[in-house]
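Protein sequence lines, in the order shown, are assigned to chains A and B.
Using the numbering used here, the letters of the first sequence map in sequence onto residues 1 to 312.
Using the numbering used here, the letters of the second sequence map in sequence onto residues 1 to 312.
Hints listed in this document are in silico derivations from the structure and should not be mistaken for laboratory results.
No false leads were slipped in.
Since the list can't tell identical chains apart, any single copy or any two copies may satisfy a pair.
Dumping the calculated DSSO-like pairs for lysine-lysine here, alpha-carbon to alpha-carbon at most 30 Å:
id, residue 1, residue 2
1, K300, K49
2, K31, K276
3, K107, K122
4, K195, K162
5, K276, K49
6, K31, K122
7, K290, K300
8, K237, K287
9, K49, K31
10, K195, K152
11, K131, K114
Number of protein chains: 2
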Amino acid sequence: VNFTVRILGTSSAHPNANRFPTSHILNIYGKYILIDCGEGTQIQLRKFKIPFGHINHIFISHLHGDHFFGLFGLLSTYELLHRGSDLHLYAPVQLRDMLFSPQSPVKVKELPYKIWFHPLRKGHNLVMEDKNFFVESFELDHRIPTWGFIVKEKKRKPNVIKSKIEEYSLGIEEILAVKRGEDIIRDNGQVIKAKEVTTPAPEPRSYSFVSDTRFFPPVVEHIKGTDLLYHESTFIKKDEDLAAQTYHSTAEQAAMIAKQAGAKQLVIGHFSARYKDTSVFLDEAGKVFKNTVLAYDGLKLEIPLRKISSEE
Amino acid sequence: VNFTVRILGTSSAHPNANRFPTSHILNIYGKYILIDCGEGTQIQLRKFKIPFGHINHIFISHLHGDHFFGLFGLLSTYELLHRGSDLHLYAPVQLRDMLFSPQSPVKVKELPYKIWFHPLRKGHNLVMEDKNFFVESFELDHRIPTWGFIVKEKKRKPNVIKSKIEEYSLGIEEILAVKRGEDIIRDNGQVIKAKEVTTPAPEPRSYSFVSDTRFFPPVVEHIKGTDLLYHESTFIKKDEDLAAQTYHSTAEQAAMIAKQAGAKQLVIGHFSARYKDTSVFLDEAGKVFKNTVLAYDGLKLEIPLRKISSEE
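My request is simple: use the sequences and hints to build the entire structure.
Encoded structure:
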């Protein structure tokens with residue numbers, strides 16, 4: 001029931017000595033997915049000892065270099081490591097044209113593994129589904145077509161209480177039935193209520209990734225009630241005009257989105273290099289949304305299990 | 001009279017947590033040139049505080065990703081920093097096709113600065129000439145077309161001895177004449193010998209870059225007597241077969257080339273990640289060529305002024 005996010009890079013536009021460009025690696029139930037892949041992502045994956053051969057799904061928000069230039073190196077390294085398993089890319093369609101062009105930096109057709117390319121589309125869409133989680137995409141408001149993502153845990157079945165299994169000598173079929181919420185009526189007329197022998201599963205958790213974008217309140221509907229929101233925060237309030245001009249957000253604006261969405265926690269990153277001291281971002285966001293943390297390269301956040309659902 | 005080389009990356013094939021891929025930055029009389037530009041080069045340039053906006057000439061040895069994938073990020077960063085000055089690229093012609101294709105990762109035609117592309121050619125060629133130095137290219141023996149480079153200081157004029165200027169009250173025209181090696185005959189018949197009032201200039205220095213290549217003795221003629229030779233050393237002697245198979249060199253082979261070329265100093269790098277302890281490279285090369293140093297990310301080497309030329 002692991003659900004962790006490791007932020008590999010927190011710079012905006014261009015990297016510097018302490019901040020790599022954007023990339024987030026998620027571990028959900030032991031499966032790894034990568035969101036964005038700025039230059040040097042493979043270096044960060046090695047530094048933080050991520051078994052990156054196990055990444056089978058890569059999501060790219062938009063085609064500014066600081067969000068995808070690391071892909072060429074990663075795809076090449078997979079070749080050197082003799083990767084055989086398929087790799088799925090979810091990205092703006094122009095990336096397909098680039099990678100499959102004869103002038104591509106990586107000769108995709110000569111790779112020893114297969115790339116499945118899934119172009120991102122307009123609107124709110126389910127883009128990937130696994131046994132335990134799924135990923136949806138939605139549009140942001142940036143200078144070029146840009147998408148945000150929400151990674152959602154699937155609703156789990158209720159847990160059967162161990163002592164009740166013994167008390168009623170529940171068989172496998174009976175256990176599966178009560179997990180589906182069905183009451184049991186035995187041949188001898190005995191009734192066992194599903195509610196009595198189970199506890200509801202924890203609420204499904206979610207992680208939302210919103211970068212890069214101008215202050216864009218329509219995003220709220222896509223990420224309502226999310227457990228952890230990553231929102232870009234390139235500027236601070238005194239440079240709000242510059243933020244609007246360059247289609248980026250301020251720390252305050254990121255916090256306003258978190259508040260409106262009812263997020264449980266906010267993590268901000270993608271800081272402009274113009275600010276020497278990033279604590280101003282935290283101060284500004286914290287005034288609007290208290291549970292804010294400042295991202296740094298390597299920050300690992302665990303999304304805790306939520307309170308038990310009351311509906312069941 | 002600065003002539004320094006800073007090695008920014010020393011990994012082979014793919015980077016790891018401690019070693020970035022290949023890139024060398026040279027400072028010659030305050031001018032910067034970059035040789036190779038693996039992924040993350042701009043991060044290293046920032047880490048080592050190189051004023052990389054001043055790089056106007058970039059040389060790319062071959063089109064394996066670990067030698068050029070950092071170029072996309074660097075070109076983009078120059079755009080973000082509003083670079084205006086021309087940039088010269090010396091590289092295999094396929095890089096031109098890639099950068100100027102509509103599917104290029106960087107939209108070269110939209111950059112605010114001009115790129116001059118100089119394709120590398122067969123044979124030994126002068127590829128770039130500056131006031132104080134010039135660069136020549138020559139072919140290596142790798143899996144794809146690959147070039148080595150030699151950066152040579154120009155022969156400087158003799159120095160005029162200060163005390164002699166005073167002794168003879170030498171004028172500007174006279175100083176320029178003796179620097180050209182011409183004796184002075186004054187109107188009063190006084191003869192001032194150029195040799196008497198000057199000391200010969202130091203020998204011109206050179207830096208040779210040889211990566212990637214199989215053991216290739218023909219390279220020796222291109223780098224004869226070089227002051228500092230960088231030679232790739234991907235493997236050690238026990239893996240000599242693997243080196244030949246993959247068109248790479250061993251530490252011993254690098255040292256043999258240094259010895260045959262009469263180099264003053266050898267620096268080896270491009271180490272395969274298979275060797276945990278790189279001291280074996282130094283031990284092996286040192287047996288053949290004593291003045292060998294082991295490269296590490298950030299190593300800075302100064303090429304010292306040579307003994308005074310005796311011919312003058």
